[in-house]
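Protein chains in written order, with my numbering: chain A, 1 to 430; chain B, 431 to 610; chain C, 611 to 920.
Just so you know, not all the hints are guaranteed correct.
FRET-style restraints, in silico, Cβ to Cβ [unchecked claim]: (1) D519(B) / M709(C): 32 to 42 Å; (2) N439(B) / K647(C): 41 to 51 Å; (3) N685(C) / H568(B): 38 to 48 Å.
List of simulated lysine to any residue pairs, SDA-like, C-alpha gap at most 20 Å [to be verified]: (4) K851(C) / S83(A); (5) K647(C) / R543(B); (6) K648(C) / G495(B); (7) K648(C) / D504(B); (8) K2(A) / S83(A); (9) K648(C) / D505(B); (10) K412(A) / E380(A); (11) K134(A) / P800(C); (12) K134(A) / K648(C); (13) K677(C) / D504(B); (14) K764(C) / T789(C).
FYI, nobody ran anything at the bench for these hints, they're computed from the structure. Ideal placement from N, C-alpha and C gives every residue a C-beta, glycine not left out.
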Amino acid sequence: MKIKKLPKKLLFQNTEILDPVKRTNKKGNILLVNGKIAELGIFESPSDIKSIDCNGLTLTHGFCDLHVHFREPGNEDKETLESGSRAALAGGFTRVCTMPNTNPPIDSPESVSYIIEKSKDCPIYVHPIGAVTKGQQGIEISEMGLMNEMGAVAFSDDGLPIQNGLVMRKALEYSTMLGVPIINHAEDDCLRCDGVMNEGIISTRLGLPGNPNMAESTMVYRDLKLAEMTGARLHVPHVSTATSVEHIKLMKNNNNNITAEVTPHHLFFNDESLVNYDTNLKVAPPIRNDISRKAMVKGILEGVIDCIATDHAPHTLHDKETTFDLAAFGMIGLESCFGIVKRVLVDNEGLSLINFVELLTTAPRKIMGFNCDLLKVGTEAELVLFDPNEKWIFNNKNVFSKSINSPFYGQKLVGKIKYTISKGYISEIS
Amino acid sequence: MNNNVQIMNSKDISQKLIRISHEIIENHTDIGNVVILGIHNRGVPIADRIKELIFDITNINLPIGSLDITFHRDDFRGRLSMPEIRGTDIHFSLDDKVVILVDDVLYSGRTIRAALDEINSFGRPSIVRLAVLVDRGHRELPIRADFVGKNIPTHSGEHVEVHLEETDGKEGVFLVKENN
Amino acid sequence: MLSHKHLLGLENFPREDIQNIIDTAFNFREVLDRPIKKVPSLQGVTVVNLFFENSTRTRISFELAQKRLSADTVNFSASTSSLKKGEGFKDTAQNIEAMKIDAVVMRHPAPGAPKHLTEFIDAKVINAGDGTHEHPTQAILDMMSLQEKFGEIKDLNVAIVGDIDHSRVARSNIFGLVTMGANVTLCGPPNLIPDTITDLGVTVNYNIDEVVEWADAINVLRIQRERMGIGLIPSEREYRKLFGITGERIGRNKKEIVIMHPGPINRGVEIDSGVADSDQAIILDQVLNGVASRMSILYLLLGAKDGGMK
């Protein structure tokens, strides 16, 4: 992958311009001057400037991922803000929200500041999510007001559930004056117990302790009802069970403050894939059975689930190359996201390209209040160019994260990221 | 049947107060040391008039204050209702002063006793004198007035009503027989 | 004359009675300005100060009020452990009454305790604070201070800022101010303001700057760390940033708003030192009005044969 500063003037010629806001997909040109969109649509291509022939390519908003783990500070061996940015660019992402379960966790305005300052040098936009409770201990709520002021866009103890219902309630109430969502990793600690994969026939066969659907759905229900009671904004991360989707659908009937995301792996895999004890498939919440998987697909197609988020969770070989029970939870996902999700939703389910792109662009941005209208003259260029028809096989050369814990190697995909443009840089993904 | 006999009219009241004012001046050569305290309710306007009359005669403005004796009453806890409080207003020390207490009617003497009690909270006067418009007798305590407008002897079943322009809109002193 | 035998709280307390207490309290302010600050009105009356919760200020204020009225005063500071030792609430109360007393001023950590007390004794009961329920004498002195400053409470814009949920000062002030016709807005962390509170006739606004602009007077509540279980307020500096009555916030306003605080003050947390010591703060006046208000309440409840009842 080559990351270069954008030339003063750059022309993308003859590209399909997919605008998820206007819902159009038309051929045209885009001229960038000084990193901003100077012209777009059908216009006479100036001849004396650098240009890229985009025949066969589609240009759209850079993707936005609400849920990544960049491991800095504390676990820079797994990932850093810099390497995570490269992984993001490779996947077509120009904007991410980082989870606070670093070491130390991001639970103070000073640590939020640290992320903001450090990511100024990154070629993508990084928004820190602050911890809900101090030290992510789940007891005392953190200085959300001061953190929000410093740039935290939402609050989550992700990695850990907010097990205590009173703490969740008080946190939701407190957040109402800030207007930002609380994101709770909904897994009841008690019901989950020591489960390492979905509880079902596969876990029985494999002899691995199971994590039942209810560990998630009961807590999702609790969170939804508390959000309703307090009037707060709730974003449900990495939904994995059909019952959770049902609860969310019902609550959304008369509550605009609820949103939800799903990961590529929960759309793609079911627990039968775990028969070989592949630790790269060990995630939290676990990969469920195919009934659940189908419910996730249906959920996102129907709009009950609002967007895709990768839950990009890098781990070192040391953490993954061990027995299943001891392996760390999580997989990387930024680089494979586009191809994998396209295969499930567009190629298999027939979702239109525009609707698919929305799930990676306007939908997540709307949840966080980021500017959604990126194909406007005068805006900073935050774009991605992909070939919707290129066939390729995902392998470790496509990974730019510091970690390589992915279960997608060898998957045949249709649709590849070619260029990602953001913050005055253009990355060519080879 | 109510018997309402008018004992004094407006002119009578005026004459009495003029005489009292002269008597006060006669009795206190060092008039500059004198202060006047009217006892609420009707003692206050009477005190005001006396102060004005003394000014007319001597061209001296005596300090004047008002006393609300409600908190010092000795019958306070025995009453069935709360008397209306109008408030005490004394802006000067009473130490070594000659205090002229002024009230409309002197009867049992208990009001004056309460006033003497209250005065103590404001200092130690050198002399306290009492001026009343009407003395109707029937003292229950050893208290006497130094300056009296008119003595009106009463029996039980009778009381004296004083009406003043300032408080009642008309002037007059009446002997009222109560209906039993 | 008051329409209730006791003063347990300001909820449903008639407007005329509140006004009567405040007006009479101004008369007692005058007594407190005299060289000899004593009147004999409650001579022979015995009042017991029954304090089950630590409180120096309120108890001293009540004691002074009682003594200035020439009443006899007895102090009983029970720690809750002496209650645990076995002598129940009812026994304590009845033992005290057996010694022929006229009134009890009680502070207790349990909401409803003074009401409970009235079921066991004949004496008059004055609530000096029952847990997180009410603190009516505080609200009365607060309203007296507002009347002193503004002439009238009706239509005044009064803001109460802080941990509303755990504040008996807030509750009594809400009941009293709404009865007297003031406009009341509450401000504070959303997780410390019960959402049903608007049923009491107040509005809620979490934006302190808007509230400061709107208010004629602000009653700043103390951040009570001892009442918070799970850290409901993340930190003092966060509270100060979001809700602190700071010099900058007050300075931005053209209007000179009146600042009140029930005390004791956490300087630099809910209120800046500069603001607490400024001319706009009437905190020390509140203290003096506290003695006068309590004199008024004792006088109106205990004076007159049937204890003030019609």
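For each hint, the structure was consulted:
In this structure, D519(B) and M709(C) meet the distance hint of 32 to 42 Å, their C-beta atoms being roughly 40 Å apart. Restraint check, N439(B) to K647(C): a C-beta distance of roughly 44 Å satisfies the suggested window 41 to 51 Å. Restraint check, N685(C) to H568(B): a C-beta distance of roughly 44 Å satisfies the suggested window 38 to 48 Å. The hinted pair formed by K851(C) and S83(A) fails the criterion: a straight-line CA distance of about 36 Å is larger than 20 Å.
At most 20 Å may separate the alpha-carbon atoms for a hinted pair to count; K647(C) and R543(B) meet this at roughly 18 Å. For the hint linking K648(C) to G495(B), the alpha-carbon distance of about 19 Å falls within 20 Å, and the restraint holds. With a CA separation close to 14 Å, the supplied pair K648(C) and D504(B) stays within the 20 Å bound. Taking the CA atoms of K2(A) and S83(A), the gap is about 13 Å. The hint holds against a cut of 20 Å.
A threshold of 20 Å between alpha carbons decides the hint, and for K648(C) with D505(B) the separation of about 17 Å falls inside it, so the pair holds. Among the hinted pairs, K412(A) with E380(A) is inconsistent with the structure: their alpha-carbon atoms are about 34 Å apart, more than 20 Å. Our distance criterion of 20 Å between C-alpha atoms is met by K134(A) and P800(C), whose separation comes to about 19 Å. For the hint linking K134(A) to K648(C), the alpha-carbon distance of about 55 Å lies beyond 20 Å, and the restraint is violated.
Under the criterion of a C-alpha separation no larger than 20 Å, the hint pairing K677(C) with D504(B) is consistent with the structure, at around 17 Å. Between the alpha carbons of K764(C) and T789(C) the distance comes to roughly 9 Å, so the proposed pair stays at or under 20 Å and holds.
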